[in-house]
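Starting from the known structure of chain R, fit chain X onto it as the hints suggest.
There are 2 protein chains.
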Amino acid sequence: MTTPEPSLPRDLDQIAREVKAHIENAEVEPLLQLIAPLHPADIAETMERLDRFEQNFLFDALEPEVGSQVLLELEDATREDVLEGLDEQRLGPMVDEMDSDDAADIVGELDEEVRERVLQQVPEEHRVEVETLLTYPEDSAGGIMALEVPWVRKTHTVARAIEMIREHHRDMEEISEIFVVDRERRLVGSILPVELLLADPDALVADIMDTEAVSVRPETDQQEAAAVASKYDLLNVPVTDDRNRLLGVITYDDIFDVIEEEEHEDISYIAGTGEDEPAERSVMKAVRERGPWLMLGLGGSIGSAMVMAAFEGSLKQHLAVAFFVPAVMATAGSVAIQASSLVVRGLATGSFALQGVPIVLWRELRTSVLLGVGLGILLGLFAFVWMGNGALALCLLSALGLVVINAALSGTMIPLALKRVGIDPAVAMGPFITTLNDVMGIAIYLLVVLLFLSGQAPAAALQ
Amino acid sequence: MTTPEPSLPRDLDQIAREVKAHIENAEVEPLLQLIAPLHPADIAETMERLDRFEQNFLFDALEPEVGSQVLLELEDATREDVLEGLDEQRLGPMVDEMDSDDAADIVGELDEEVRERVLQQVPEEHRVEVETLLTYPEDSAGGIMALEVPWVRKTHTVARAIEMIREHHRDMEEISEIFVVDRERRLVGSILPVELLLADPDALVADIMDTEAVSVRPETDQQEAAAVASKYDLLNVPVTDDRNRLLGVITYDDIFDVIEEEEHEDISYIAGTGEDEPAERSVMKAVRERGPWLMLGLGGSIGSAMVMAAFEGSLKQHLAVAFFVPAVMATAGSVAIQASSLVVRGLATGSFALQGVPIVLWRELRTSVLLGVGLGILLGLFAFVWMGNGALALCLLSALGLVVINAALSGTMIPLALKRVGIDPAVAMGPFITTLNDVMGIAIYLLVVLLFLSGQAPAAALQ
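Chains R and X supply the protein sequences, listed in that same order.
Sequential numbering of the first sequence, starting at 262, is according to my numbering.
Sequential numbering of the second sequence, starting at 262, is according to my numbering.
The following block holds chain R by itself, in its conformation from the complex (with noise of 0.2 angstroms):
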């Protein structure tokens, strides 16, 4: 079947709708003929749109090998649901039916008493492979890694390794590389299966296989896992002990995933949206992610309020002084997350780390100094032009060019502090940096306007 268009919505639409008219009239035989067809994340997609009570009447009629997938494909939320309708007698065959990485992810969603009963469920060999992933780290390479690995000896000749391929690995579905161990089952390399089907039979693995065999630890991070099958371009990224014996794969699709996720994690920490999600249905939930962000915000610029009113008496002399405070802070807020998303970024795909610190700093002071006398000048230049005070005008441009200085450096060194002390560095683009940078911008901004004004003409500097 050729889908020319698989995403369009409007088509699931449809499905969805005929669905649900199925499913109200309890015709279980029509429902699953609609969805023979549909590839799993379809199916999971199409249960998006459906109720609570639809979404668990479709699923338990799925057999257990399509319900396993249309379960790995399910927003987390949904997950949550159906996995809440499911006793261990239906979901222990679906666990069963995943490949080790996708049983775990699972498996550890459960509470620990609903785990131990579903592995019950599960043949023992498999149950030992889950409960193995389960003691890596979420977000390490072991955490994603599949022990479902294809390989062969160096020393085997094509036609051996096509035999071994066909007795032990027969049942991993989707093979895309094989990975060639010496006797310790170290590593030494890896092969395509369009190789072994080219070669001659009575050729050496050892002779045509790929020696460059890039791998990765199981404590390795995922996000360095997939800057690694990236920067290489690996198919998939080999996982091995510390004497390099080969543990498992982490394949080119959870490296899609990985990708995506912190993507959307970096841009979650910037915009403080915790993990709510776009398809989440519950405001309150919503409240709950979002709340603690904004309230961080709130009381930061509780700061600034304060700030302000320390230097009540001038401002009151000096009212346009504070006219131009969301300038300031506009400013110094941009300025630090343009730096600190720079300094991300570099510290992420590792290009930072070729040029070293105090190149990177000092390339951004001598930025920030233009940018900060440019700006200043321009602000500057404005507020004599609309109130004709030349004073002011100095003391804008003086104070913001020494805003934009400070905003760029704290930008740039906060990430560099957060991730020495083994914080992701990409929490420095969200709200409470950015808050901190408001209050120390407006702090600095009021000492040199009402300094220097009240030190040059204490009346009338400003009408």
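These are computed hints drawn from the structure, not numbers from a lab.
Keep in mind the model is a prediction, meaning the values are calculated, not measured.
The reader is advised that the hints may include incorrect statements.
Repeated chains share a single entry, so a pair holds when one copy, or any two copies, can fit it.
Said to hold, decoys possible - Derived DSS-like pairs: lysine-lysine, alpha-carbon spacing no greater than 27 angstroms straight-line:
#1 LYS577 <-> LYS546
#2 LYS415 <-> LYS492
#3 LYS492 <-> LYS680
#4 LYS281 <-> LYS415
#5 LYS281 <-> LYS680
#6 LYS492 <-> LYS546
#7 LYS492 <-> LYS281
#8 LYS577 <-> LYS680
#9 LYS415 <-> LYS546
#10 LYS492 <-> LYS577
#11 LYS680 <-> LYS415
#12 LYS281 <-> LYS577
Chain X only, in chain R's frame:
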């Protein structure tokens, strides 16, 4: 060669030092021996550590087939430099070494005149392919697909299919999946090399192939093509014409690149960094990229200054109102970016289309009312405790509530509107919209607070 930690910068730092030493002493042979075992991606990363003379020296020493791979792995700025130093005699053979999609990327970066001269060095068949690919927009499926696509007929036996690959596709180094077409070259399925390896040689391809052949059109946006790959866990995304004839293929490594590129693009929209790269060396380029966004923000906040100036009389009377301007701005900005980042993400992943605009708007409205009232109460309470002023507290409560609702709705609707008129909705998270929100927020706040305070108790409302 097994590299346990392939991406550690310190190894390449050491190598870069040795490379520099060899170049200084003009020792070409030892230089090549040092570089020989490195992956092209590592040679490229080493080159980032060299100055321009050293880069050219090293690059000139590389074989065309290695050079062509290194060229593809360089950072944009470095590649530009290296390309500038190459004549068509040297670049032609490198372009010929590349797959059509990579060749089109490199040739597309050249000035028109140089491009012509380079293409004259490429054998006609390959040149025509590259020229075909250059006709597609850079960020479409056609712009990133390769024309080297391994295919067999559905009527072939497995043995004949293997023969086909041996005869026609031998030169494609990395075949991970084989597409199945009918007599008119229409896509009807796909098959993994390992399946051919394990199947009965007399079986028909049509009987063992995977018939779920999802494809995209050449004009499909690259981000959408990547979403299809990620949704259906596709190793390769086939590209077909409007009669479903196979044109080319987007491979997993290009999908990695697209997902990363889109992430970078979104974050650079938010941060307003343009194409400024962390590893860029030129301060002036950074100023040029980042300056305009900052000027936009500054211009917007001058709008805020004018709004405040319009309320000058009342502000002078109720100075405390000015103290809370940063709180209003920060909250409005945060709420707007939360809302727009969710909409942008929902649009990108497609999960948003499930629910439709009215449902999302309604949810956002309820969420924002709760958040607005909650934050308003907090701010009001704080103001009451701090200043003992009940009227001000009530004003802050209601004003902040309105500002939050306004920010949430504009944060939701602006990306939707941008999408509708064909602009990347991620722009809505950037400085322009943020600034617009600031100005609206401040105007709403001042209007509510000052009109209320003036109407209620002209003089004594605030100390």
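Hints versus structure:
{"no.": "1", "hint": "LYS577 <-> LYS546", "in the structure": "neither (43 angstroms within a copy, 42 angstroms between copies)"}
{"no.": "2", "hint": "LYS415 <-> LYS492", "in the structure": "within (26 angstroms within a copy, 35 angstroms between copies)"}
{"no.": "3", "hint": "LYS492 <-> LYS680", "in the structure": "within (21 angstroms within a copy, 32 angstroms between copies)"}
{"no.": "4", "hint": "LYS281 <-> LYS415", "in the structure": "neither (55 angstroms within a copy, 37 angstroms between copies)"}
{"no.": "5", "hint": "LYS281 <-> LYS680", "in the structure": "neither (50 angstroms within a copy, 30 angstroms between copies)"}
{"no.": "6", "hint": "LYS492 <-> LYS546", "in the structure": "between (38 angstroms within a copy, 26 angstroms between copies)"}
{"no.": "7", "hint": "LYS492 <-> LYS281", "in the structure": "between (46 angstroms within a copy, 24 angstroms between copies)"}
{"no.": "8", "hint": "LYS577 <-> LYS680", "in the structure": "neither (43 angstroms within a copy, 45 angstroms between copies)"}
{"no.": "9", "hint": "LYS415 <-> LYS546", "in the structure": "neither (54 angstroms within a copy, 51 angstroms between copies)"}
{"no.": "10", "hint": "LYS492 <-> LYS577", "in the structure": "neither (58 angstroms within a copy, 59 angstroms between copies)"}
{"no.": "11", "hint": "LYS680 <-> LYS415", "in the structure": "neither (41 angstroms within a copy, 54 angstroms between copies)"}
{"no.": "12", "hint": "LYS281 <-> LYS577", "in the structure": "neither (66 angstroms within a copy, 63 angstroms between copies)"}
Violated hints, listed in ascending order, are 1, 4, 5, 8, 9, 10, 11 and 12; each of the other numbered hints is respected by the structure.
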